[in-house]
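Each chain, written out:
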Amino acid sequence: MLLIPCPFCGPRAETEFSYGNEAHIARPKEPESISDEEWAEYVFMRSNTQGVFLERWVHAHGCRRWFNVARNTVTYEILAVYPMGDAAPRIDSEPVV
Amino acid sequence: MRTRYSIFSLARNAVGHHEDWPEAWRSPEPKPSYDVVIVGAGGHGLATAYYLAKEHGITDVAVVERGWLGGGNTGRNTTIVRSNYLWDESAALYELALKLWEGLSQELNYNVMFSQRGVLNLAHNQHDLRELSRRINANRLNGVDSEFLTPQQVKAMVPIIDLRSQGRYPVLGASLQRRGGTARHDAVAWGYARAADARGVHIIQECPVTGFQIEDGRVTGVETGKGPIKARKVGIVVAGHSSVLAGLAGFRLPVSSLPLQALVSEPVKPIIDTVVMSGAIHAYVSQSDKGELVIGAGVDHYVGYGQRGSLQITEETLGAICELYPLFRRMRMMRMWGGIVDTCPDASPIIGKTPVENLFINCGWGTGGFKSTPGSGWVFAHTIAKGEPHPINAPFSLDRYRNGYLVDEHGAAAVAH
Numbered sequence: 001m002l003l004i005p006c007p008f009c010g011p012r013a014e015t016e017f018s019y020g021n022e023a024h025i026a027r028p029k030e031p032e033s034i035s036d037e038e039w040a041e042y043v044f045m046r047s048n049t050q051g052v053f054l055e056r057w058v059h060a061h062g063c064r065r066w067f068n069v070a071r072n073t074v075t076y077e078i079l080a081v082y083p084m085g086d087a088a089p090r091i092d093s094e095p096v097v
Numbered sequence: 001m002r003t004r005y006s007i008f009s010l011a012r013n014a015v016g017h018h019e020d021w022p023e024a025w026r027s028p029e030p031k032p033s034y035d036v037v038i039v040g041a042g043g044h045g046l047a048t049a050y051y052l053a054k055e056h057g058i059t060d061v062a063v064v065e066r067g068w069l070g071g072g073n074t075g076r077n078t079t080i081v082r083s084n085y086l087w088d089e090s091a092a093l094y095e096l097a098l099k100l101w102e103g104l105s106q107e108l109n110y111n112v113m114f115s116q117r118g119v120l121n122l123a124h125n126q127h128d129l130r131e132l133s134r135r136i137n138a139n140r141l142n143g144v145d146s147e148f149l150t151p152q153q154v155k156a157m158v159p160i161i162d163l164r165s166q167g168r169y170p171v172l173g174a175s176l177q178r179r180g181g182t183a184r185h186d187a188v189a190w191g192y193a194r195a196a197d198a199r200g201v202h203i204i205q206e207c208p209v210t211g212f213q214i215e216d217g218r219v220t221g222v223e224t225g226k227g228p229i230k231a232r233k234v235g236i237v238v239a240g241h242s243s244v245l246a247g248l249a250g251f252r253l254p255v256s257s258l259p260l261q262a263l264v265s266e267p268v269k270p271i272i273d274t275v276v277m278s279g280a281i282h283a284y285v286s287q288s289d290k291g292e293l294v295i296g297a298g299v300d301h302y303v304g305y306g307q308r309g310s311l312q313i314t315e316e317t318l319g320a321i322c323e324l325y326p327l328f329r330r331m332r333m334m335r336m337w338g339g340i341v342d343t344c345p346d347a348s349p350i351i352g353k354t355p356v357e358n359l360f361i362n363c364g365w366g367t368g369g370f371k372s373t374p375g376s377g378w379v380f381a382h383t384i385a386k387g388e389p390h391p392i393n394a395p396f397s398l399d400r401y402r403n404g405y406l407v408d409e410h411g412a413a414a415v416a417h
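So the sequence lines, in the order shown, correspond to chains C and A. Numbering of the first sequence is given in our numbering, commencing with residue 1 and proceeding in unit increments. Numbering of the second sequence is given in our numbering, commencing with residue 1 and proceeding in unit increments.
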């Protein structure tokens, strides 16, 4: 089980949280004018990174607030926690195989 | 041609204390080029190679594998085989697989221990019951055997199930596919490997693919740990690592790789002679020929490439198992493990072309890839050989995420994807 440091409540067990998958996917600004390919990219396509992945979590059974997490998807190590809307932090980590 | 396995070859080798069995497949060094390179020697990849050779006469094939064959999800699943999916597209695909399963041991001359012991899917509430009835009717219209069982009929088939009214998970009914069952997962990989090898296919283990050679939008080969290999066509069949390989080839997938776990108990005498699944509470159980209970748990809900699952998921599943089968409460679990499953937004696989010409992909089977191993290989071999999908896998294109023709199988996929 992950120990997730909620920026508002401190470290809590993973079971208190829900997952929001990939972070930094912006809704298209002009949805009427984009192509089907661009819609597919926005709605369905995911990086699904092996290594450092930027993802969203919500403290569903706590403060109910969303935040972003940088986590290594191989070691499951949480490398950074930062607010929604902030730019991705720079993560220096060993490349994973 | 290899030694044919039979009662006579068994008797002959018994005399020699079984020390002279020939190798089941060769371990060649890769040639500089092949007609077709398949990336990934799991069940699906090996089946693809076998059907390329058998159905399409394409024998200049290499299957390259990072680890050892059948060492990924092929060796990590709960071995359940069924075809009772909801939609017409899925029914055709999984039923093709089930029909191939029915003759597989004879066809491969390898005992895959396919056992049609029946698969039950339980309904625990009114909604489950309606969905289940709908699926049974859809199955029957598609020629897939499927029948409804009342709670009493469930009890007759599975006497150890707790149907007393005070149970936490009341059983209101079940679907039964009598032709469903289990198969020996390792034997499927080994059987396909041996049969493909006998037809000239090269199986190259411990050979990771590190890149693709692409010229003018067309694949011309792969970069591997054993040097570059040229290929006219390349097929990617790597389950949990599909996004990673797609990334190397420069395109994206709608896939999320999640850890899925399973566990087995200590072996006991025969106690359950069918497969009982419950999608709603993430508990399914069957008994292996060795006597172990084989239990499938749910997925962890975050992207993860570590082949292990979280303990709270196991606890949830075992809690449900103990509620449904109170006599299992004193059983000890012996091993647990995880695999990385490549889940799609609509819980259906992707089998077809990619944005790169002559590069094909077969992925997104999520939590239910094992049952479809023969069918998956069969349609993927057709797709690679002809350059176009077979009518059975045409609906499962990558393009469906653009045009919106999704095949939503969340209901029939058993474990929530």
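Rather than coming from a laboratory, the hints here were simulated on the basis of the structure. Idealized CB from N, CA, C, for every residue including glycine. Do not rely on the hints blindly, as some may be mistaken.
One-sided and incomplete, this derived list gives chain A residues near chain C with beta-carbon spacing under 7 Å [stated by the list, open to error]:
no.: 1; residue: P28
no.: 2; residue: H301
no.: 3; residue: V303
no.: 4; residue: Q307
no.: 5; residue: T314
no.: 6; residue: W337
no.: 7; residue: R402
To be clear about the criterion: a stretch of chain A counts as covered by chain C if any three or more of its residues have a C-beta under 8 Å from a C-beta of chain C, and this derived list gives those stretches [unchecked claim]:
no.: 8; stretch: 241 to 249
no.: 9; stretch: 255 to 266
Hint check:
no.	hint	result
1	P28	violated (25 Å)
2	H301	holds (5 Å)
3	V303	holds (5 Å)
4	Q307	violated (10 Å)
5	T314	violated (11 Å)
6	W337	violated (16 Å)
7	R402	holds (4 Å)
8	241 to 249	holds (count 3)
9	255 to 266	holds (count 3)
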